[in-house]
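Residue numbers (the working numbering), protein chains in the order written: chain C, 1104 to 1497; chain Z, 1104 to 1497; chain S, 1104 to 1497; chain U, 1104 to 1497.
Since the hints were made in silico from the structure, they are not lab data. Heads up, a few of these hints could be off.
Since the list gives no way to pick one copy over another, a pair counts as held whenever it fits inside one copy or between any two copies.
[Claimed, not checked] Here are the simulated PhoX-like cross-link-like pairs (lysine-lysine), alpha carbons at most 25 Å apart as the crow flies:
{"id": "1", "residue 1": "1305", "residue 2": "1450"}
{"id": "2", "residue 1": "1342", "residue 2": "1227"}
{"id": "3", "residue 1": "1140", "residue 2": "1227"}
{"id": "4", "residue 1": "1412", "residue 2": "1342"}
{"id": "5", "residue 1": "1107", "residue 2": "1450"}
{"id": "6", "residue 1": "1227", "residue 2": "1412"}
{"id": "7", "residue 1": "1305", "residue 2": "1412"}
{"id": "8", "residue 1": "1140", "residue 2": "1107"}
{"id": "9", "residue 1": "1240", "residue 2": "1305"}
{"id": "10", "residue 1": "1450", "residue 2": "1131"}
{"id": "11", "residue 1": "1258", "residue 2": "1240"}
{"id": "12", "residue 1": "1412", "residue 2": "1140"}
Remember, it's a predicted structure, so these values are computed and weren't measured experimentally.
Number of protein chains: 4
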Amino acid sequence: MSAKIPRSNENDYSPEIIAERQAFLEEKSGTQLSHTKHFSYDPESMEGNCEHLFGVAQLPIGVAGPLVVNGEHAQGEFYVPMATIEGTLIASYNRGMRVIRESGGVTTTVVSEAMQRAPVFMFKNARDGRDFCQWLKDNFDEIKAQAESTTSVGKLLEIEQYPVHNMVYTRFDYSTGDAAGQNMTGGATFVACEWIRANYPKLRTYGLSGGMDSEKKTSFVNSLKGRGRKVTAEITLPKEVLASVLRTTPELLRNSHSIASLAAFLTGASNNAAHPANGLAALYMATGQDMANIGEANQCSVYSYVTTKGDLYYSITLPALIMATYGGGTGLSTQRECLELMGCYGKDKAYKLIEIAAGLVVAGELSLVSAARTDKASSTNEWVDAHEKLGRNR
Amino acid sequence: MSAKIPRSNENDYSPEIIAERQAFLEEKSGTQLSHTKHFSYDPESMEGNCEHLFGVAQLPIGVAGPLVVNGEHAQGEFYVPMATIEGTLIASYNRGMRVIRESGGVTTTVVSEAMQRAPVFMFKNARDGRDFCQWLKDNFDEIKAQAESTTSVGKLLEIEQYPVHNMVYTRFDYSTGDAAGQNMTGGATFVACEWIRANYPKLRTYGLSGGMDSEKKTSFVNSLKGRGRKVTAEITLPKEVLASVLRTTPELLRNSHSIASLAAFLTGASNNAAHPANGLAALYMATGQDMANIGEANQCSVYSYVTTKGDLYYSITLPALIMATYGGGTGLSTQRECLELMGCYGKDKAYKLIEIAAGLVVAGELSLVSAARTDKASSTNEWVDAHEKLGRNR
Amino acid sequence: MSAKIPRSNENDYSPEIIAERQAFLEEKSGTQLSHTKHFSYDPESMEGNCEHLFGVAQLPIGVAGPLVVNGEHAQGEFYVPMATIEGTLIASYNRGMRVIRESGGVTTTVVSEAMQRAPVFMFKNARDGRDFCQWLKDNFDEIKAQAESTTSVGKLLEIEQYPVHNMVYTRFDYSTGDAAGQNMTGGATFVACEWIRANYPKLRTYGLSGGMDSEKKTSFVNSLKGRGRKVTAEITLPKEVLASVLRTTPELLRNSHSIASLAAFLTGASNNAAHPANGLAALYMATGQDMANIGEANQCSVYSYVTTKGDLYYSITLPALIMATYGGGTGLSTQRECLELMGCYGKDKAYKLIEIAAGLVVAGELSLVSAARTDKASSTNEWVDAHEKLGRNR
Amino acid sequence: MSAKIPRSNENDYSPEIIAERQAFLEEKSGTQLSHTKHFSYDPESMEGNCEHLFGVAQLPIGVAGPLVVNGEHAQGEFYVPMATIEGTLIASYNRGMRVIRESGGVTTTVVSEAMQRAPVFMFKNARDGRDFCQWLKDNFDEIKAQAESTTSVGKLLEIEQYPVHNMVYTRFDYSTGDAAGQNMTGGATFVACEWIRANYPKLRTYGLSGGMDSEKKTSFVNSLKGRGRKVTAEITLPKEVLASVLRTTPELLRNSHSIASLAAFLTGASNNAAHPANGLAALYMATGQDMANIGEANQCSVYSYVTTKGDLYYSITLPALIMATYGGGTGLSTQRECLELMGCYGKDKAYKLIEIAAGLVVAGELSLVSAARTDKASSTNEWVDAHEKLGRNR
């Protein structure tokens, strides 16, 4: 008979019940807990973040910077906190930030915004589905009003329609302010769908999650239409800087990018960059983002060319960057501190954080692409050397 | 003029230099750090994990379980530590584990293993590339010996070859014991490549990272050939259990899966599941895994059918599950404790951990798929309700 | 020194110049041409279809039917001409048509229409690109007027926008009447782009073909947004019919479809059907369609489920079915006859032809899926048998 | 009550039954057939190619050339017959061939060969599947012997294994001589599978067509592993030739390719070229290939870079080029003549034909990419002009 995890219906975040769970786990596993028990938070502050709480994970945070960002929301120098257990990672991003500084900073632009819920509507046949598409368009204003009745922040921007078979997959696209917005949009879309059901008798049924939101996974629909914020970071790298800091040339970097892009195309990879997930994960972890979003946020494209002056235009577009400065884990004490280090905590800061994140990704690419570049000099094996020298923990 | 982050060339993990960095950041940001400064680790234990260290992130850890696993390496009941800031997540996985328990446990199988480095070799033309493919096969034993000379653990299993244009992309596939192995295989492949360069004069040049490893991103080559460990988790869910615990039927669950699978196919999504990244991220964070691997590990396929007895066969194959029980962040104090709670710390435990992770993913799918199921009852909107009731931190 | 192909600047379709080319080819190759010289057309009728004309290919045409279509444009029984050199193919489609007849016909619906040209617009940076997106929306009416000034048939329906990096990829979506419309939309879009260039000074340059039309290749953007006509064909197959005609059951067919769909998902295939390209190619060839469109038209999705009555709902959505009943090769003599056999030649017939084509695809799937079905009975190897018995030409 | 298509069980290719079918169709449609009746073939020669024969389609054939190929099997100048109804197409390919000639010819290499049948094997669970993978390897020699017992030409080269869930998808890879080989490999794989079934008791069942062959559709598994012949065509284009013939530069062409490649990557297109399907379809139709293979054969990748001398290296790899010089439609009279024009009819000619086809694709790309290039000069709109001048048939 399985033993149940101790739980209190009254207050599951009291020191007593937490201690009870700790004792239960120690007994079950024969392990003495020591460090996980050690935290500086008021446990009740974690209600709404974590059920069956018994401790905390401590994750080392380092800092890279300054990252010079020429954004519309983030402007100036930023010291970026990164929580990671991967040795050499922060050193690598730091090197990339030097390239950015010496090139005058990275320019960032939030291009569009849309957080989705993606209900699917089911009909008797394709004709009913097709007709529903028209009805949806005709009734957009009322559906929008229904959806927005549930939230003071979320705005329904568009309903994407993908009719197939006897179904219509949709994506309800919202702007969500400083929150990532998955829950806000879930509630709003539910109310909208119920109104649709009440008003469109030919609807057989619907599912609130039809799957076309691609939540927490990469997809071409996200790549094309965006999810969360779509952001582009651009930089023109003078050939002199590439030579002095990265010991490479615009042509070599571009060729390296071509070869990686071809590999991405041939394998159907979700990005043609080197390692955007590394920097994003470290920043997400430090700032209280939902780590599972790494499953979609690292999708991106890299594009570069040699300019007529012989420098390198280099840019990255991240179509599904999901980050919050409010709600979720952003209010937890260490996470909030990390947001504050960049002036990104709280209201009206989401775009600023997004821009810093995009710049961070560029820093990581510049550093690593150069280290693993495909000319003969690569055989001096800087990439491997970096790991040897700074060590990784084994 | 940018201010440089304080750094000590002698010992960058002393309390003094860490304090200096904290003061620097406080001054730069005008923020008072308090919680990030608070940690129970010996800072020097974080050398090799994090440069420019200035503190730790504290992340709440809860527990779900017991998860009943009928694996080849993991057998019995496991209480799974999950670090997360997403309210309702642990509750959801916990509900799925109940379904698993009442169905007799989840059966897990590590199907294959291969960690890659993926050099690309460049030639004058395609004919030279084609001939090189044959030479690689003919000289596999010597190349293997060269690669394995650098590691006591890694074994070179195969060299996948993808000749295109005047290049040959390869994937050097290794088994890596209890480590994830990205660095081990990097060093081994470098030595092998240098030997190849010395012995194959027609080689123009090579790049150590040609891009076909799809490191930290999803891709079809990973889906087909695997990366890290490929693992399948299977369960046959009796219709009675589905009715009593999830209030659904095998047919409804299968239809729901069909609709989600169609969405995944139409959008080119990297998985046709509901949210594998959630459980994986929480387990990764608790146990010291490289969080950036979420960018590739959540790729998976779900497959189900109604059995002749009217029950539901349900399974998930994760082709690129990268986890370690040794090295990296696994030795950090809280992370190690979490591994120990499952008897998964240290040598010869990687397969066990992989099996638990695969079972965990199944738990999450069973719970969420049911909550968002696409029949009429879904309009009672359990999924939205769950978030309202348990709250999320906003 | 290369010998130039004989060519007449005055009339390159006169019997004399054609004879000259034939003689030239005979001499160059040492081959006696006989059958290719043999055609019933007035050679001048082929002007505008083929340069350097020297003869015709003769391709056998058979007929399958009747195909019972319950369309909005095609209603009733159709005998479908199929030009093919693949033995067993027509027999297979014919068998599928019997299943359709006994099930009461296939229901077809043209869901949407859009032929594209896909210019890309280039800017100094992403911000200029983002602003251009808004300008495009604001000026849609004028752009539409410009585009439509070039054609009496084409209508500009929408401009899809995909801003990335310092570019904005677009898709100009048109309805094109009975023509396939690639050329009509090329001319219209060119005029629109020139107007844009004259009126948007921040535009650096543009390319008329940015690549997002996915012309003559499959893609996810076509799958999602459609190209040419998007059409769905649906049928509910009574279990009795499946048993008597195909010796299978709804459950077996659905399982077979699940397994094929999983393969398509895992491999990133452009359709999860069995062989839509076969029937489409045969119909395209008979009716004077552009054969290169097979490169995009065969993209499709299959979706099926067992109904509450125990029958099989089965449907196919073809998102990029490009066919014409006017222009191109449709006016050539044999091609026109084949169109006339179905009452599909000329004006206002394109939707009718599209519906017949969609029904044809269903016929082929039903026949082949059954023959290759994955139950034990498949080992009686009907699929192989069919080829042995009817032979293929070798 | 539907009228049945007239059919003779004795000889369905006699003039009488053909006439009966023609009369039947004329009566049913109220159309007078005239041109389709007109053919120079002995109708019995079409047995094995087409059931329910009632006539032929006549398709105009033009010629382009000479195409200079520096292949291993095709060497010298070739005049390429192209059957098409798309005006300007042959003129365009012809222009590309001039570029090739002035650049010294296109170098072609058949890189690998493998025609597949792709059975799926089903088991009780994933462990049985995994063990079967090992058994397949251990018994490869016997399985190969079984498969090859059915054919004097086909050779089983490899069995690719893709274990997922409780199944093992496979691809049986064969070399097939001068035939395309779909039927040959179907028969061989059936015999092999039956032997496997008799000798592996834990096998539950299998399906001969599991779907991973991606027959007649594009897929990443074909892109990676090849299907039919994988061929690369390469050329170094001197900057002087680009200037004089195409009025462009290496840098402009490469930039144009970058932009098209990015579009292909972002949309998940099956090739990053301009229009390979056009030339392939025209050559396929002229030479009696299976037109449905256009659904897979047009998958390809383009790769280019500016050389140190300032010229343009340009190449295309077609991973799934399926063509035959024997069997199928290659023996029909006009088709055979077209093969003979290139010295490609009959035994030991398949590689030669493949190489010519690959060179042809390069010719089409060079011409069109240049016409639609993305610099300012493109607005002189050569691409649109070409269609206006040569006309298309409407």
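Status of the hints after comparison with the structure:
{"no.": "1", "hint": "1305 to 1450", "result": "neither (43 Å within a copy, 34 Å between copies)"}
{"no.": "2", "hint": "1342 to 1227", "result": "between (62 Å within a copy, 19 Å between copies)"}
{"no.": "3", "hint": "1140 to 1227", "result": "neither (56 Å within a copy, 44 Å between copies)"}
{"no.": "4", "hint": "1412 to 1342", "result": "both (9 Å within a copy, 20 Å between copies)"}
{"no.": "5", "hint": "1107 to 1450", "result": "neither (41 Å within a copy, 29 Å between copies)"}
{"no.": "6", "hint": "1227 to 1412", "result": "between (61 Å within a copy, 14 Å between copies)"}
{"no.": "7", "hint": "1305 to 1412", "result": "between (62 Å within a copy, 20 Å between copies)"}
{"no.": "8", "hint": "1140 to 1107", "result": "within (20 Å within a copy, 35 Å between copies)"}
{"no.": "9", "hint": "1240 to 1305", "result": "within (16 Å within a copy, 33 Å between copies)"}
{"no.": "10", "hint": "1450 to 1131", "result": "between (44 Å within a copy, 21 Å between copies)"}
{"no.": "11", "hint": "1258 to 1240", "result": "both (17 Å within a copy, 20 Å between copies)"}
{"no.": "12", "hint": "1412 to 1140", "result": "neither (59 Å within a copy, 48 Å between copies)"}
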